[in-house]
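Participant: Kindly generate the complete structure, drawing on both the sequences and the hints.
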Amino acid sequence: MSSEIQLTESERKLILALHKKNKSHREIARRIYRSKTVVTNFLKDPLKYGSRKRTGRRKKVDERTKRLIIRTASNKTISCANIVNDLCLKMSRWTINRVIKRSNILKKMKKKHSPALTTAHKDLRLSWSKDHMTWNNEWHKVVWSDEKKFNLDGPDGFSYYWHDLRKEEDIFSTRPLGGGSVMIWASFGWGGKSSICFVDGRMNAKGYREVLKKHLIDIGSSMGGSDWIFQQDNAPIHRAKVNLAWFKSKKINVLPWPSLSPDLNPIENLWGILARKVYAGGKQFRTKEQLKTTIIKSWEEISIEQ
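Using the working numbering, read the sequence shown as starting at 1 and increasing by one per residue.
These aren't lab readings, by the way, just hints derived from the structure by calculation.
Hints are supplied without guarantee of correctness; some may be wrong.
Below, simulated EDC-like cross-link-like pairs (lysine to aspartate or glutamate); rule was C-alpha separation at most 16 Å, straight line [unchecked claim]: (1) K66 with D86; (2) K36 with E11; (3) K148 with D233.
Restraint-style ranges between C-beta atoms, simulated for each label pair [claimed, not checked]: (4) S74 with Q6: 44 to 54 Å; (5) R71 with R26: 28 to 38 Å; (6) R26 with C88: 23 to 33 Å; (7) H19 with H121: 33 to 43 Å; (8) K108 with Q290: 25 to 35 Å; (9) A235 with R286: 22 to 32 Å; (10) A235 with K101: 35 to 45 Å; (11) I70 with K248: 52 to 62 Å.
A virtual CB, placed ideally from N, CA and C, is assigned to each residue, including glycine.
Facilitator: Structure representation (structure tokens):
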């Protein structure tokens with residue numbers, strides 16, 4: 001039986017494209033999940049490689065083993081080498097990697113950060129959900145709010161992109177602490193959205209109250225109606241006694257909110273829309289003023305329908 005590993009047409013084209021870009025054999029092997037020896041042998045004579053007649057039965061991974069590999073890899077941070085060892089398989093980690101990639105089921109992704117919820121937190125979230133599960137038009141009254149940080153160098157975790165192998169690689173340069181950042185506060189409701197408020201420095205309870213006076217009080221009713229309800233998370237400056245007393249004095253109803261529940265706030269979706277506009281095309285900023293200008297422009301472009 002021929003010792004040459006068979007390559008697909010797409011693998012051959014990819015090897016040649018990367019070789020033309022002066023990529024090392026080791027780098028090419030890493031990109032196509034093949035061994036360095038296979039890449040080297042192919043590049044010695046691409047036209048003749050794999051042309052020798054193969055004899056004997058071709059080895060392959062049976063369907064049962066494929067399912068076992070996928071099940072083992074699913075939602076786990078396990079390496080291909082560990083899958084080989086754990087399942088006592090007589091195949092290389094490269095084979096495991098190909099099985100996973102060709103399954104069209106698993107995709108390599110960064111883990112998303114989420115607050116660590118205790119049993120008490122989960123119980124409160126469930127209770128809150130049950131209390132509001134029958135709400136319908138009541139949601140039209142809610143004015144949602146939150147703060148959001150924007151980095152000059154792009155959002156946190158801003159590193160992946162679709163690379164065209166026919167072109168030069170993009171270089172994503174970053175500066176310490178993302179090159180600096182700006183913090184904003186905003187709110188929105190059924191009837192519209194507030195203006196953007198830029199928060200300078202560390203905000204305290206008094207500073208937060210001033211933000212609400214300037215950017216919320218006069219337009220709360222236009223966003224949520226005459227009996228609008230204000231939503232905020234349980235940050236200490238939000239829940240400070242002096243601020244709760246202020247809400248009461250202004251007759252502003254505050255929506256009870258379960259701790260560590262940013263995912264329940266629909267403003268997260270609005271932040272996503274805003275971030276995609278601000279950083280469209282992988283844009284980065286040299287100064288905070290440039291970033292602020294783009295944030296304001298992008299915010300104004302977002303319609304209620306979105």
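Participant: Decide, hint by hint, whether the structure agrees.
Facilitator: Outcome of the hint check:
1. K66 with D86: holds, 14 Å
2. K36 with E11: holds, 13 Å
3. K148 with D233: holds, 13 Å
4. S74 with Q6: 44 to 54 Å: violated, 28 Å
5. R71 with R26: 28 to 38 Å: holds, 31 Å
6. R26 with C88: 23 to 33 Å: Between R26 and C88, where Cβ atoms are some 28 Å apart, the hint holds.
7. H19 with H121: 33 to 43 Å: violated, 54 Å
8. K108 with Q290: 25 to 35 Å: holds, 34 Å
9. A235 with R286: 22 to 32 Å: Holds - the Cβ-Cβ distance for A235 and R286, about 31 Å, lies within 22 to 32 Å.
10. A235 with K101: 35 to 45 Å: holds, 43 Å
11. I70 with K248: 52 to 62 Å: Given about 56 Å between the Cβ atoms, the range holds.
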